[in-house]
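> Got chain A sorted already, so can you dock chain B onto it with the hints?
From first to last, the protein sequence lines stand for chains A and B.
My numbering applies: residue 1 is where the first sequence begins, and numbers increase by one.
My numbering applies: residue 1 is where the second sequence begins, and numbers increase by one.
A hint or two may mislead.
Intra- or inter-copy, both count: the list cannot distinguish identical chains.
As the list claims (entries may be wrong) - Below 30 angstroms or equal to it, Euclidean Cα-Cα: the simulated DSBU-like pairs (lysine-lysine) are:
| hint | residue 1 | residue 2 |
| --- | --- | --- |
| 1 | Lys259 | Lys20 |
| 2 | Lys114 | Lys148 |
| 3 | Lys44 | Lys114 |
| 4 | Lys134 | Lys107 |
| 5 | Lys213 | Lys251 |
| 6 | Lys304 | Lys216 |
None of these hints come from the bench; they were simulated from the model.
There are 2 protein chains.
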Amino acid sequence: MTYELEQESIIKTLLSSKVKNVLLQLPDGLKPYGTKIAEELQRKARVTVIIHGDPCYGACDVARDEAKALGIDMIIHFGHTPMLKLKRNIIYVEARSKLNVTRLVAKALPLLKKYGSVGLAATVQHISAINKVKLLLKAHGIKVLVGKRQGLLKYDGQVLGCDFSTCISIASKVSAFLLIGSFTHALGLRIVTRKPVVLIDPYQEVIEDVELKVKKVLAKRLYIVQKCLGLSKFGIVIGLKPGQLHLELAKRLKDLLSKAGKNVFLISAREINSQLILNFPDIDCFVISACPFLPIYDADLYPKPVLTPNEALAIAGVKKLEEIYG
Amino acid sequence: MTYELEQESIIKTLLSSKVKNVLLQLPDGLKPYGTKIAEELQRKARVTVIIHGDPCYGACDVARDEAKALGIDMIIHFGHTPMLKLKRNIIYVEARSKLNVTRLVAKALPLLKKYGSVGLAATVQHISAINKVKLLLKAHGIKVLVGKRQGLLKYDGQVLGCDFSTCISIASKVSAFLLIGSFTHALGLRIVTRKPVVLIDPYQEVIEDVELKVKKVLAKRLYIVQKCLGLSKFGIVIGLKPGQLHLELAKRLKDLLSKAGKNVFLISAREINSQLILNFPDIDCFVISACPFLPIYDADLYPKPVLTPNEALAIAGVKKLEEIYG
Numbered sequence: 001m002t003y004e005l006e007q008e009s010i011i012k013t014l015l016s017s018k019v020k021n022v023l024l025q026l027p028d029g030l031k032p033y034g035t036k037i038a039e040e041l042q043r044k045a046r047v048t049v050i051i052h053g054d055p056c057y058g059a060c061d062v063a064r065d066e067a068k069a070l071g072i073d074m075i076i077h078f079g080h081t082p083m084l085k086l087k088r089n090i091i092y093v094e095a096r097s098k099l100n101v102t103r104l105v106a107k108a109l110p111l112l113k114k115y116g117s118v119g120l121a122a123t124v125q126h127i128s129a130i131n132k133v134k135l136l137l138k139a140h141g142i143k144v145l146v147g148k149r150q151g152l153l154k155y156d157g158q159v160l161g162c163d164f165s166t167c168i169s170i171a172s173k174v175s176a177f178l179l180i181g182s183f184t185h186a187l188g189l190r191i192v193t194r195k196p197v198v199l200i201d202p203y204q205e206v207i208e209d210v211e212l213k214v215k216k217v218l219a220k221r222l223y224i225v226q227k228c229l230g231l232s233k234f235g236i237v238i239g240l241k242p243g244q245l246h247l248e249l250a251k252r253l254k255d256l257l258s259k260a261g262k263n264v265f266l267i268s269a270r271e272i273n274s275q276l277i278l279n280f281p282d283i284d285c286f287v288i289s290a291c292p293f294l295p296i297y298d299a300d301l302y303p304k305p306v307l308t309p310n311e312a313l314a315i316a317g318v319k320k321l322e323e324i325y326g
Numbered sequence: 001m002t003y004e005l006e007q008e009s010i011i012k013t014l015l016s017s018k019v020k021n022v023l024l025q026l027p028d029g030l031k032p033y034g035t036k037i038a039e040e041l042q043r044k045a046r047v048t049v050i051i052h053g054d055p056c057y058g059a060c061d062v063a064r065d066e067a068k069a070l071g072i073d074m075i076i077h078f079g080h081t082p083m084l085k086l087k088r089n090i091i092y093v094e095a096r097s098k099l100n101v102t103r104l105v106a107k108a109l110p111l112l113k114k115y116g117s118v119g120l121a122a123t124v125q126h127i128s129a130i131n132k133v134k135l136l137l138k139a140h141g142i143k144v145l146v147g148k149r150q151g152l153l154k155y156d157g158q159v160l161g162c163d164f165s166t167c168i169s170i171a172s173k174v175s176a177f178l179l180i181g182s183f184t185h186a187l188g189l190r191i192v193t194r195k196p197v198v199l200i201d202p203y204q205e206v207i208e209d210v211e212l213k214v215k216k217v218l219a220k221r222l223y224i225v226q227k228c229l230g231l232s233k234f235g236i237v238i239g240l241k242p243g244q245l246h247l248e249l250a251k252r253l254k255d256l257l258s259k260a261g262k263n264v265f266l267i268s269a270r271e272i273n274s275q276l277i278l279n280f281p282d283i284d285c286f287v288i289s290a291c292p293f294l295p296i297y298d299a300d301l302y303p304k305p306v307l308t309p310n311e312a313l314a315i316a317g318v319k320k321l322e323e324i325y326g
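Here chain A stands alone, though its shape is the one from the complex (with noise of 0.2 angstroms):
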């Protein structure tokens, strides 16, 4: 396994407790190894354990409706830091990759070297692998910095999906960013800070300055918002996953784009996809309040354009498309 699951130490958890049904929650990436995590705590811990089937896709993605309807006393939730304010009831396991990280980055000196400053941030899967990264470029002259942790994070230089802020914090401070993780994750970090991104992505054993492939989505960008200028029938859809339902954001925005002339709708969903859009033949445009990037994430999954909501405040003429894109 290429993970660090810790196991042991949830037994230890549930032993010493009196829970007796377990629901695991695992991100699809990780839903393999749920039988034998099953098998394990079932036999280990002595608790009933139900996996949870449906798609997972971070720490705003958590099973509680589906854990109260099946009788569940504590969810395992794998993969993610904490992001909720639950209660109660839950146990987050983060997943750290044991894939070596620091063999990459000694091939990405070159190109590191030529910045001379750089911000270090890493996806929680391989957040141990800061520490020693950064001694490394420092060995070899390169001055490194890392973000306090802040926001939604739990970990000094850590990064979301929708959270960039440990780097946003020190983004005047450095020439550039070096990120472990995915190009998810360097996109958004582009986005948001706009200084070159390294990427170190240790799955696909990747290393690469993510300049010109953001300057494409960049420009697709401006091409989907113009289009939606003159595009009519909005539809606004609302995220139903505990950390993605953003109801007054999203009136908001329907308000907000009312004003602008265009007829809106609102439309909730749990699962948002191509299935969705096609579902609404009508509407010409489509904004996700879910997640401040899920339409430039997903966006070659769309048959429509799809917009953030601070696309549609531009379309609405509260935001300046430079104000966004820079």
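Quick look at chain B alone, frame taken from chain A:
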């Protein structure tokens, strides 16, 4: 519009209530009408409307949790008759089809005459046609019986994909059934009554005796069940839609299969599809406790063997295959 969606009656009900926030829930086939209905209700009943975008498969699939999260006063659920004993805050709209059914029945007369006596059944979309069709068949010398409403069913002669009790009650008194609905319903009706079924599908303009197709499906079921006898790792899927949550059944199936020497895991899911199956590569065979016929109706969508609860009982040695499929 080819459906009767009772907007005037809904508006009247809403105006005489204190309802302010409405959730429209529509099966995918009716979702394209969502914006038109929303516009009309907002204008005439002065309510705020959210259209629910997730799939909706039947009256078993009511967006109760979703409505609660969205602060909704009233769900308007289209396309199905009431199934769940919900206390309040839901209007069921049946979505009666306006298609001409008798024209097709007239074409089917030669096929029906050879059976002499016919049990008449319809899905709720076509239930208004029952009386006209009955008169037409009688006028041509065919003996017609319509089973009394019972079980989950609201109307005499009505069938659901999971409830054929109106037809079971008259099966011994007729030579065949005439079903106005879809192949899915004809398949279920043929399996539970073991009588020939003539299908009239007004959407597809299809008239057919489904016997040959059903025989092929049943041969495939026997093959799948035989294959699963030799497999070892089973997943029991618990449905999370309000009317599909059969937790005790799932646990009973787990116990029985475990006693039969299988290694069994419980898996919960709101959406049951091929992605769910693919996410558990080490599980050999799945049993869906959510719906008694889902594995048969959707058989071609799954990349692995997927069984009904009855078929799982056959694997566990509790039922005989002949009891299920005759």
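> Which of the numbered hints above does this structure break?
Violated hints (numbers, rising): 3 and 5; every other hint is consistent with the structure.
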